[in-house]
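**Q** Here the protein sequences line up with chains A and B, keeping their order.
Just so you know, we're using my numbering here: the first sequence kicks off at 5 and counts up by one.
Just so you know, we're using my numbering here: the second sequence kicks off at 2 and counts up by one.
Rather than coming from a laboratory, the hints here were simulated on the basis of the structure.
Incorrect hints may have been included.
[Claimed, not checked] Here's a subset of chain A near chain B, in silico, CB distances under 8 Å, partners left out:
| # | residue |
| --- | --- |
| 1 | P97 |
| 2 | A116 |
| 3 | R238 |
[To be verified] Covered stretches of chain A, going by a simulated chain B footprint (3 or more residues, C-beta under 8 Å):
| # | stretch |
| --- | --- |
| 4 | 39-50 |
| 5 | 88-96 |
All C-beta atoms in this analysis are idealised placements derived from N, C-alpha and C, irrespective of residue type, glycine included.
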Amino acid sequence: MTEALRVSNLHKSFGRLEVLHGVDLAVEQHEVIALIGSSGSGKSTLLRCIDLLEPIDAGLIEVFGQDITAPGVHPDRVRRRIGIVFQAFNLFPHMSVLDNVTLAPRKVLGTASAIAVEQADALLERFGLIEKRNDFPDRLSGGQQQRVAIVRALAMRPDLLLLDEITSALDPELVGEVLSLVRELAVAGMTMILATHEMGFAREVASRVGFLDGGRILEMSRPADLFGDPKEPRTQQFLARVTAAGRF
Amino acid sequence: MIGPGPGLVDPGSADRRRAASELPLPTPRRGVSREPTRAVWIAVLSTVVVFGALGMVVVNAPNWPLVQHDFFDGKEFGDALPGLVKGFWINVQAFLIAEVVILVLALVVAVLRNLPGPVFFPIRALVTIYVDVFRALPGLLVIYLLGFGMPGLRIPGVPTDPFLWGVIALVLVYSAYVSEVYRAGIESVHPSQEAAARSLGLSRLQALRYVVIPQAVRRVIPPLLNDFIGLQKDTVFVASLGVVEIFRTAQIKQAAHFNFTPYVATAVVFLLLTIPLARLTDWLVARDRRRGMGS
C-alpha cells in the first residue's frame with residue numbers, strides 16, 4: 005500500500021481562534037475518508053490546509069511522501085496533484101462548461117487545446133454532462149454545477165481529491181446525482197477525503213470515518229465501528245444528535 | 002454598477018433571463034400589458050401637450066427674438082457647423098487615442114496596486130501616490146503644466162506638440178480614475194473564484210488573467226463608459242493649449258460675429274455623441290442586472 009497523505013500535528017488558527025489543534029491523519033492510496041463533525045469543527049479548514057489554500061501554523065503535511073509544507077515547495081505544483089471541490093461549486097461564471105473544465109489543463113499542464121477538449125468531453129460524457137458542454141453555469145441546476153465542478157477537478161487527473169461538503173448547498177432532490185458520481189469515483193479507486201453531513205453516504209462509501217471535535221480527529225475507524233459502536237462520549241453525543249435530527 | 006447577488010435572482014428564471022437578454026432594449030416588466038399601444042398613445046399625447054405648452058411660453062416671451070438671434074440663429078448655425086465638425090475630428094482623435102491608452106494603463110495600475118507581499122510595497126506605494134495625486138489635481142491644471150511646461154523646457158527630443166501633451170495630460174488624469182473603477186471591479190469578484198482557480202494549479206497571475214479580470218471587466222463596463230463620457234467632454238480643454246478643436250473653432254466664430262450660436266452648435270455636437278453613449282451605458286447596466294452577473 006502506498007501512503008497518499010500524512011498529516012502530523014497540524015495546527016491552524018484564525019486570529020485567536022484555534023481551529024485545528026494538532027490533527028493527525030494518514031490516508032492510503034484508494035482509500036475514501038469521510039470527515040464528520042459539527043459545523044465549525046474544522047473539517048473545511050483541514051481540507052483547505054491540505055490544498056495549501058490556507059497557510060498552516062505548525063505541523064507537517066506529506067503527499068505521497070513529499071513534505072508539501074517544506075520551504076521551497078511551490079504551492080501551485082502541489083495543487084496540480086490535489087483536486088478540491090467546494091460547497092458553493094465556484095464555477096467560473098464567464099466561461100462555458102467546457103472552458104471551465106479545460107482551463108487548467110491548457111494553462112497549467114500546457115495540454116494542447118484539441119486534446120484538452122477531447123479529454124474534457126470524455127469526462128463530461130462519462131458523467132452525463134456532455135449535453136451541457138457549451139452552456140454557461142447559470143443555466144445549470146445546482147446538482148449539474150457541482151458535477152461540473154467535480155469534473156473540472158478530475159480534468160487535472162489529481163492523485164487526491166478533497167470534497168468539502170459538496171452537497172450542503174444543494175436542494176435535497178439534487179443531492180443524489182452528486183453522491184452517485186462520488187460513489188462511482190470511489191469504485192474507480194480515487195483517493196478521496198470528504199467532509200460531509202451525509203452520514204448515510206459516509207457509512208456507505210467511506211473506507212474509514214473520522215470524527216472531528218475541538219480541532220482534532222477524536223476518533224477514526226471503519227464506518228461500521230464508528231457509527232455502530234463509537235468509543236468516545238463526544239462521538240456518541242454527536243451521533244445521537246444527528247440521529248435525533250433525522251439526518252441518518 | 003454591479004448586478005444583484007445570487008439571492009436576488011430567481012433561480013428558476015434562468016431561461017427567461019437568457020431569453021430576455023437576447024431581445025432588443027428594455028423588455029416589458031412582468032405584469033405590464035404586452036400590448037402597450039394605449040399607454041404609448043397617452044404618453045405621446047401628454048408629451049406633445051406639455052412640451053408644446055413650454056415651447057409656446059418660451060417663444061412668446063417678450064425677449065425671445067433677442068435670445069433667438071444670439072443663440073439660435075439658423076444662418077450662423079449653418080455657417081459654423083462645417084468648421085465645428087472639422088474641429089471635432091481633433092477631439093475625436095484625442096479621446097479615441099486617450100481611451101485606448103487609458104484602458105490598458107489603468108488596468109496595469111489597478112493590478113500593480115493589488116500586488117501582494119512586502120517585496121512589492123514600493124510599487125504599491127508609487128502607484129497609490131500616482132492615483133492620489135492625479136485624482137486630486139484639476140484636469141485643466143495638468144494640461145497647463147504639461148502642455149506649456151514641457152515644451153517650455155526646450156530639451157531636445159522632448160515633443161512640443163500641444164495636442165500630444167493635451168492627450169498625455171488627459172490620459173494621466175483619467176487613468177487614475179479608471180484604475181479605481183477597475184480596482185473596485187477586481188475586488189468585487191468573490192475570493193472563492195480566485196481560490197477555485199488556484200486550487201486547480203493556476204498561478205496568481207493566471208488566476209487574475211483568466212478568472213478574475215474577465216469577470217471584473219464585464220462588471221465595470223458601465224462605470225467605465227461613464228468616465229469616458231467625462232473624458233470626451235474634457236477634450237475641449239486642449240483648446241487652452243492653442244489646439245484648434247471644436248471649442249476653439251466655436252470661440253473664433255463667436256468672436257467674429259459676436260453671436261453665440263456656434264457654442265450652441267458645439268453643444269449639439271456633444272449631445273449627439275454623449276446621449277447615445279449614456280443610453281448604451283444604461284442598457285448595459287440593465288442587461289447585466291437581468292443576467293445576474295453579480296454572483
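**Q** Identify whether the interface hint at A:P97 stands, where standing means a beta carbon of chain B within less than 8 Å of its own.
**A** 6 Å, holds
**Q** Regarding the hint that A:A116 lies at the interface with chain B, is the smallest CB-CB distance below 8 Å?
**A** 17 Å, violated
**Q** Are there three or more residues in the stretch 88-96 of chain A whose C-beta lies within less than 8 Å of some C-beta in chain B?
**A** Contact hint for the stretch 88-96 of chain A vs chain B: holds, 6 residues under 8 Å.
**Q** Are three or more residues of the stretch 39-50 of chain A within 8 Å, CB to CB, of chain B?
**A** violated (count 0)
**Q** Hint validation: A:R238 versus chain B, beta carbon distance must be below 8 Å. Holds or violated?
**A** 31 Å, violated
The structure fails hints 2, 3 and 4 (numbered hints given earlier, in ascending order).
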